Amino acid sequence: MTTLTINGKTIEAPGGTILEVSQANGIRIPTLCNHPALAPKGACRLCLVEVKGSRVLQPACTFPISEGMEVQTESPKVRAARKFVLELLLSDHPKDCMTCEMCGNCELQDLIYEYGVKETPFVGDHHEYPLDDRDPFILRDMEKCIHCRRCIRACDEIQAVNAITMINRGFRSKVATSFDTRLQDSNCVFCGQCISVCPTGALTEKDSHGQGRVWQTTKVTTTCPYCGVGCNFDLNIRDGKVVKVTSNWNNPVNKGALCVKGRFGWQFLHSPDRLTIPLMKSSLWKEHKGTEGAPSRYEGFVEADWETALDAVAKGLLTAKSEDGPDAVGILASAKCTNEENYLIQKLARREIGTNNIDHCARL
Amino acid sequence: MTLKELERIRAKAQKELAVRGVEISPDSELKPPRPGEVRVVLRNCGQIDPERIEDYIAKDGYFALYKVLNMTPEQVIEEAKRSGLRGRGGAGFPPGQKWFFARQAVASRPAPADGTPPAYLICNGDEGDPGAFMDRAVLEGDPNSVLEGMAIAAYAMGATQGYIYVRAEYPVAVEHLQTAIPQARRLGLLGKNIFGKGFDFDVDIRIGAGAFVCGEETALIDSIEGRRGEPRPRPPFPAVSGLWGKPTSVNNVETLANIPQIFLNGADWFAGMGTEKSKGTKTFAIAGKVKNAGLIEVPMGITMREIIYDIGEGILNKKKFKAAQTGGPLGGCLPAKYLDTPIDFESLAAAGSLMGSGGLIVLDENDCMVDVARFFMDFTQDESCGKCPPCCLGTKRLLEILTRMTQAEGTAEDLQTIEYLTENISTTSLCALGQGSVNPVVTTMRHFRDEYESHVYKKFCPSGVCKGMFHYEILADVCNGCGVCRKKCPDKVIKGDKKVVHEIDLPNCIVCGDCYKACKFDAIAIRPGPTPKSRLPERR
Amino acid sequence: MSMDLLAHLQELDNLITREKPKGGALIPVLHQAQELYGYLPKELQDYIADGLGIPQSNVYGVVTFYAFFTTKPRGRHRVGLCLGTACYVRGNTKNLERLSRELGVNAGESTPDLRYSLEVCRCIGLCSKAPAIMIDKSVHSKVQPDQVAEILSRYE
Numbered sequence: 001m002t003t004l005t006i007n008g009k010t011i012e013a014p015g016g017t018i019l020e021v022s023q024a025n026g027i028r029i030p031t032l033c034n035h036p037a038l039a040p041k042g043a044c045r046l047c048l049v050e051v052k053g054s055r056v057l058q059p060a061c062t063f064p065i066s067e068g069m070e071v072q073t074e075s076p077k078v079r080a081a082r083k084f085v086l087e088l089l090l091s092d093h094p095k096d097c098m099t100c101e102m103c104g105n106c107e108l109q110d111l112i113y114e115y116g117v118k119e120t121p122f123v124g125d126h127h128e129y130p131l132d133d134r135d136p137f138i139l140r141d142m143e144k145c146i147h148c149r150r151c152i153r154a155c156d157e158i159q160a161v162n163a164i165t166m167i168n169r170g171f172r173s174k175v176a177t178s179f180d181t182r183l184q185d186s187n188c189v190f191c192g193q194c195i196s197v198c199p200t201g202a203l204t205e206k207d208s209h210g211q212g213r214v215w216q217t218t219k220v221t222t223t224c225p226y227c228g229v230g231c232n233f234d235l236n237i238r239d240g241k242v243v244k245v246t247s248n249w250n251n252p253v254n255k256g257a258l259c260v261k262g263r264f265g266w267q268f269l270h271s272p273d274r275l276t277i278p279l280m281k282s283s284l285w286k287e288h289k290g291t292e293g294a295p296s297r298y299e300g301f302v303e304a305d306w307e308t309a310l311d312a313v314a315k316g317l318l319t320a321k322s323e324d325g326p327d328a329v330g331i332l333a334s335a336k337c338t339n340e341e342n343y344l345i346q347k348l349a350r351r352e353i354g355t356n357n358i359d360h361c362a363r364l
Numbered sequence: 001m002t003l004k005e006l007e008r009i010r011a012k013a014q015k016e017l018a019v020r021g022v023e024i025s026p027d028s029e030l031k032p033p034r035p036g037e038v039r040v041v042l043r044n045c046g047q048i049d050p051e052r053i054e055d056y057i058a059k060d061g062y063f064a065l066y067k068v069l070n071m072t073p074e075q076v077i078e079e080a081k082r083s084g085l086r087g088r089g090g091a092g093f094p095p096g097q098k099w100f101f102a103r104q105a106v107a108s109r110p111a112p113a114d115g116t117p118p119a120y121l122i123c124n125g126d127e128g129d130p131g132a133f134m135d136r137a138v139l140e141g142d143p144n145s146v147l148e149g150m151a152i153a154a155y156a157m158g159a160t161q162g163y164i165y166v167r168a169e170y171p172v173a174v175e176h177l178q179t180a181i182p183q184a185r186r187l188g189l190l191g192k193n194i195f196g197k198g199f200d201f202d203v204d205i206r207i208g209a210g211a212f213v214c215g216e217e218t219a220l221i222d223s224i225e226g227r228r229g230e231p232r233p234r235p236p237f238p239a240v241s242g243l244w245g246k247p248t249s250v251n252n253v254e255t256l257a258n259i260p261q262i263f264l265n266g267a268d269w270f271a272g273m274g275t276e277k278s279k280g281t282k283t284f285a286i287a288g289k290v291k292n293a294g295l296i297e298v299p300m301g302i303t304m305r306e307i308i309y310d311i312g313e314g315i316l317n318k319k320k321f322k323a324a325q326t327g328g329p330l331g332g333c334l335p336a337k338y339l340d341t342p343i344d345f346e347s348l349a350a351a352g353s354l355m356g357s358g359g360l361i362v363l364d365e366n367d368c369m370v371d372v373a374r375f376f377m378d379f380t381q382d383e384s385c386g387k388c389p390p391c392c393l394g395t396k397r398l399l400e401i402l403t404r405m406t407q408a409e410g411t412a413e414d415l416q417t418i419e420y421l422t423e424n425i426s427t428t429s430l431c432a433l434g435q436g437s438v439n440p441v442v443t444t445m446r447h448f449r450d451e452y453e454s455h456v457y458k459k460f461c462p463s464g465v466c467k468g469m470f471h472y473e474i475l476a477d478v479c480n481g482c483g484v485c486r487k488k489c490p491d492k493v494i495k496g497d498k499k500v501v502h503e504i505d506l507p508n509c510i511v512c513g514d515c516y517k518a519c520k521f522d523a524i525a526i527r528p529g530p531t532p533k534s535r536l537p538e539r540r
Numbered sequence: 001m002s003m004d005l006l007a008h009l010q011e012l013d014n015l016i017t018r019e020k021p022k023g024g025a026l027i028p029v030l031h032q033a034q035e036l037y038g039y040l041p042k043e044l045q046d047y048i049a050d051g052l053g054i055p056q057s058n059v060y061g062v063v064t065f066y067a068f069f070t071t072k073p074r075g076r077h078r079v080g081l082c083l084g085t086a087c088y089v090r091g092n093t094k095n096l097e098r099l100s101r102e103l104g105v106n107a108g109e110s111t112p113d114l115r116y117s118l119e120v121c122r123c124i125g126l127c128s129k130a131p132a133i134m135i136d137k138s139v140h141s142k143v144q145p146d147q148v149a150e151i152l153s154r155y156e
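Chains as they are written, first to last, in our numbering: chain A, 1 to 364; chain B, 1 to 540; chain C, 1 to 156.
No lab work stands behind these hints, which were simulated from the structure alone. On a predicted model such as this, the values are computed, not experimentally measured, just so you know. Some hints could be false.
What the hints assert, rightly or not - Each computed DSS-like pair below joins lysine-lysine, with the alpha-carbon atoms no more than 27 angstroms apart:
{"hint": "1", "chain 1": "C", "residue 1": "Lys72", "chain 2": "B", "residue 2": "Lys487"}
{"hint": "2", "chain 1": "C", "residue 1": "Lys22", "chain 2": "B", "residue 2": "Lys495"}
{"hint": "3", "chain 1": "B", "residue 1": "Lys318", "chain 2": "B", "residue 2": "Lys291"}
{"hint": "4", "chain 1": "C", "residue 1": "Lys42", "chain 2": "B", "residue 2": "Lys319"}
{"hint": "5", "chain 1": "B", "residue 1": "Lys459", "chain 2": "B", "residue 2": "Lys320"}
{"hint": "6", "chain 1": "C", "residue 1": "Lys22", "chain 2": "B", "residue 2": "Lys320"}
{"hint": "7", "chain 1": "B", "residue 1": "Lys318", "chain 2": "B", "residue 2": "Lys517"}
{"hint": "8", "chain 1": "B", "residue 1": "Lys517", "chain 2": "B", "residue 2": "Lys492"}
{"hint": "9", "chain 1": "B", "residue 1": "Lys291", "chain 2": "C", "residue 2": "Lys22"}
Claimed, not checked - Short derived list, chain C residues pointing at chain A, Cβ under 7 angstroms:
{"hint": "10", "residue": "Ser57"}
{"hint": "11", "residue": "Asn58"}
{"hint": "12", "residue": "Tyr60"}
{"hint": "13", "residue": "Thr64"}
{"hint": "14", "residue": "Phe68"}
{"hint": "15", "residue": "Ser141"}
C-beta atoms are modelled at their ideal positions from N, C-alpha and C, and glycine is treated no differently.
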């Protein structure tokens, strides 16, 4: 155990960084480039603290604790330094919070508010980039980028894709792909991990723009329907409609990570084309029920109920088996099913029907 | 290689060298030692052929390595510490201390099972300070002294692989190293089982690619690993986790070139030179407005006056000394009152400057200190890696203010903002580049505040540098009508007959200063007030 | 694959094979590839990335970080004007203006006939010979603006 004092309070900890130990002891230190899912970088200088004996301020996120260390996390010097960093960041940031998609959900905005940065004392150049809407799903407003590199690290550490990196140097540096192309011309897989870690409005979900700010939506945690992995995420719901999917960092299955389908493929939920009841061929319905049935939007199909539909399927399978043998039947299962469901369906194929003709569509 | 063989090579090479001699090119910046100089690091430069290892051996080369390999690493570290040698790269951290920490780190972890080196030694030859070229001189003139120093350092700390990182701007240095390393390998002075003592050490060259920040040790490590050279927060220090996560010591060229001499002549010999806390000698690259520019090596503790006026022979063109810029872009500008301060790590730091790598640029009355500050800020701003906001954005804002000031747009508020920026950038930046970037501004604000105020309140650049903030006037009572200025004027706007007082057609003058420089009679003066802006060449 | 890349493909492959096993091969490979091709276009960078097993984005990130690497073709002769402190206070900006005028290009650009490219560099360690200009590997010291045209004419 290491004993140190933070803000005069004696603390014992097994080790770790000043930030980790502070958080474990209920002491909040503001951060920007730090993210729990990513390795610390020490770049943004927001988590600066005073460590006795050190001439300069030290970043809490990378500085390891040591025996007898004395740390101040809220001294006037520390707060002034943080305010200074925020003023600098604000001097190169659009002040359009009124219309910004991330308003109310922006870590920079929260800190600017907390540290009372009314206006920046610095006037000068700021980055001017056109809004990059050349790609599907991801909207990039690089004027709002604060160079924290969380997106770059997520693309590397979580997704191992490395589609984006820091290019150029100093004030001219920018988060971009090789040769600053569109994302779709790089090896980007549109997983959107970059959006999920972006602290500002620099990276946002294209299809969710204008559909509601954070306080206008409620979050419902659910499981992704696309495949059997069972990733969790939060549906962001406004007026009974899903407007966005966001990462849920607390679930143990995917720890916030998602793929392009889970994160961006939610529009089908409210599609008028979506099937919500089973349809049967008109002839098949007539064969089973003897009536014409309720017409559907699709020619040659009528709206059925599950019982009739499943009954027809079962009968069809049995007929095929008895007339042409079990191998006349083939079953294609879905990758959207869970492992358990796929186990059961292969039981159905092998034991009940007696065929090995079973596969599934893992290439969705 | 054995001691006997080395002695035989030395004897033969000494004879041969005495017959052959070495020619020094007449335009070399390394002149024969001037009175007051003591050459330790530069002792062989110009005295031997750098592309012949035998020449180096003739000067007792590699005998220190032999001596060291008969000591324990702990004894080597102790001797290095005892010599009082401090790192010559800028910060002045004792190399013995670095090796000690690295050696501890090596001992604390299991030996690598995959055959990779347990630790690395890096020679930092990324000499990026504008105005400093001593490392280039050593690498070009005596590459083997650096290689021997590296081998000794590696033995002390427990490294088996070394890298020498050289700027791409130094092609001759790279060439000479590319010759020296295979020669040393061929003689068994690098490679496996050196001197039969079971010590393995080899060296690879890494060429920089034009990034000043790579002189910072963690950025340099990133660069060797093949990445963008962006400094990392310390701790962990490279001694604990450096190149590829292994214990690493990064030492400067000049530091390493000192090492063989320390072991040949003993720590006491070295500690006998210099001041209490800064031992040995230091190379300085004197340049700027000084008559006898070039590379010198002097004992620590010598005064700036001795360097500039005795060794450097004073200021060019009988101008007045204004300031000495030491320590490169992270150092500061010191005015005349510091001329008699002994130069060592402490006194330069106390004056707000830095020893840095030893660049010393002399500025005269025609150098504008606001413009000099702007120049350095332009440099650091351009070289900032962009990782942390205080450096990336802070230096940008400082540069913008200083640029405004040199364009007659500075305000009283700007002076306050400069102080606010410099104070905070130095305490919040991630690495030494950001922290030190403000020093040229801080020192010029401290020592030449009157110039800043003149720029802000009078819109007058008294040194005649900032275009649009002064004009030239021919003094009627001094001008003798010699006509030199008239002939020099590129736009032919100076009028006047021979032996009659000349006059400048101000609205058409582009303020190039050629007349001012040409006048031998001090008949042209710098006066407040702009010339019409439309005629000014566009600023770069 | 374009003919440009094919021009030195064998050498490039050898280079990648030689450097890859050593750690940190990217920067040495970029240096030598730029020697071979004169510059580092996307196709070449991507080929190096794949050869070394490094993400393409990272290669571009490195290329754009270091001033020495270029993604545009450069002139046969590299005119490097030093704007280090000594050269600056000794008036090398005047030489830069003159060079720029003589060549008709700004710093960082190449002449349309690719005879020269004009670069500004930060201290080439020739402070005692300031103001200095380095063309290819040769040094021109204490240059005055009216010497510029003559110096340039020496490089075909």
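Cross-check of the supplied hints:
| no. | hint | verdict |
| --- | --- | --- |
| 1 | C:Lys72 / B:Lys487 | violated, 43 angstroms |
| 2 | C:Lys22 / B:Lys495 | violated, 69 angstroms |
| 3 | B:Lys318 / B:Lys291 | holds, 10 angstroms |
| 4 | C:Lys42 / B:Lys319 | violated, 53 angstroms |
| 5 | B:Lys459 / B:Lys320 | holds, 23 angstroms |
| 6 | C:Lys22 / B:Lys320 | violated, 54 angstroms |
| 7 | B:Lys318 / B:Lys517 | holds, 12 angstroms |
| 8 | B:Lys517 / B:Lys492 | holds, 16 angstroms |
| 9 | B:Lys291 / C:Lys22 | violated, 48 angstroms |
| 10 | Ser57 | holds, 4 angstroms |
| 11 | Asn58 | holds, 5 angstroms |
| 12 | Tyr60 | holds, 4 angstroms |
| 13 | Thr64 | holds, 5 angstroms |
| 14 | Phe68 | violated, 12 angstroms |
| 15 | Ser141 | violated, 30 angstroms |
Violated hints, listed in ascending order, are 1, 2, 4, 6, 9, 14 and 15; each of the other numbered hints is respected by the structure.
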